[in-house]
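Going line by line, the protein sequences match chains X and G.
Quick note, the first sequence lines up with residues 6 to 120 if you use this note's numbering.
Quick note, the second sequence lines up with residues 28 to 140 if you use this note's numbering.
Calculated directly from the structure, the hints in this document are not laboratory data.
Keep in mind the model is a prediction, meaning the values are calculated, not measured.
There could be a bad hint or two in this list.
[Said to hold, decoys possible] In the BS3-like style, the derived pairs of lysine-lysine whose C-alpha atoms are separated by at most 30 Å in a straight line are: (1) LYS88/G / LYS62/X; (2) LYS16/X / LYS95/G; (3) LYS19/X / LYS62/X; (4) LYS62/X / LYS76/X; (5) LYS95/G / LYS132/G; (6) LYS76/X / LYS16/X; (7) LYS132/G / LYS88/G; (8) LYS19/X / LYS132/G; (9) LYS62/X / LYS16/X.
[Unchecked claim] Covered stretches of chain X, as calculated for chain G (at least 3 residues, CB under 8 Å): (10) 40 to 48; (11) 112 to 119.
Idealized CB from N, CA, C, for every residue including glycine.
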Amino acid sequence: DTGVSQNPRHKITKRGQNVTFRCDPISEHNRLYWYRQTLGQGPEFLTYFQNEAQLEKSRLLSDRFSAERPKGSFSTLEIQRTEQGDSAMYLCASSPSGGATDTQYFGPGTRLTVL
Amino acid sequence: AQSVTQPDIHITVSEGASLELRCNYSYGATPYLFWYVQSPGQGLQLLLKYFSGDTLVQGIKGFEAEFKRSQSSFNLRKPSVHWSDAAEYFCAVTGGGADGLTFGKGTHLIIQP
């Protein structure tokens with residue numbers, strides 16, 4: 006068990022550019038979650054997948070954000086036309102099956118800075 | 028809508044002293060409650076969780092938390108803190124493991140030598 010990994014760990018981009026982050030969950034975990042954490046705040050839920058199906062999206066996930074999990078393994082989060090307000094830590098988590106007592110295991114996050 | 032309040036933004040404790048971090052939640056049904064710790068450069072690590080049963084739950088690193096339904100609280104405690112406990116602590120609530128977690132804003136713990 007190597008844990009949840011996220012790449013890149015840091016990303017600096019200019020306003021208006023597109024960025025993509027990758028999350029590799031713990032092997033055989035069916036659930037995958039994305040959160041966003043801004044400075045001084047707790048993580049905020051964005052979306053989650055059950056295998057390859059995206060089952061819920063937060064109202065925080067604007068049209069510029071899209072997430073995929075094409076084969077039910079790794080996931081990508083893309084932000085189009087980045088804005089300075091998108092600067093945050095983007096966290097990924099996975100859980101075994103999404104059962105009521107499952108624990109979500111978090112990755113180290115990708116820190117995005119939009120200039 | 029569910030919410031979590033952590034009233035203390037910062038707490039300073041002397042090494043070896045006891046610790047209590049407060050957490051109040053708002054949730055319409057039976058809550059599932061969690062405490063996570065976040066150290067710089069590290070991912071969130073689960074300390075403990077409460078789903079049902081005994082309202083005093085034990086976690087890793089010597090932490091425990093008590094669920095008090097009447098007070099809508101889930102406070103985290105440790106009898107004797109170590110310098111390595113300095114970190115950000117987050118309380119979270121959900122209606123079940125399948126749902127996204129709702130986090131509080133966190134409490135930054137500072138340990139004085």
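The hints, checked one at a time:
1. Between the alpha carbons of LYS88/G and LYS62/X the distance comes to roughly 34 Å, so the proposed pair goes past 30 Å and is violated.
2. This hinted pair does not check out: LYS16/X and LYS95/G have alpha carbons roughly 42 Å apart, beyond 30 Å.
3. Proximity of LYS19/X to LYS62/X is assessed by CA-CA distance (about 26 Å); at most 30 Å being required, the pair is judged to hold.
4. The hinted pair formed by LYS62/X and LYS76/X meets the criterion: a straight-line CA distance of about 19 Å does not exceed 30 Å.
5. This hinted pair checks out: LYS95/G and LYS132/G have alpha carbons roughly 20 Å apart, not beyond 30 Å.
6. A threshold of 30 Å between alpha carbons decides the hint, and for LYS76/X with LYS16/X the separation of about 25 Å falls inside it, so the pair holds.
7. Distance hint between LYS132/G and LYS88/G is fulfilled; the C-alpha atoms sit about 22 Å from each other, no more than 30 Å.
8. For the given pair, LYS19/X sits about 28 Å from LYS132/G by alpha-carbon distance, which is consistent with the 30 Å threshold.
9. Note on LYS62/X and LYS16/X: the hinted pairing holds, with a Cα-Cα distance of about 24 Å set against a maximum of 30 Å.
10. Residues of the stretch 40 to 48 of chain X with a Cβ under 8 Å from some Cβ of chain G number 5, which satisfies the need for three, so the listed coverage holds.
11. Coverage of a stretch by a chain is defined here by at least three residues with a beta carbon nearer than 8 Å to that chain's beta carbons; for the stretch 112 to 119 of chain X and chain G the count is 3, and the condition holds.
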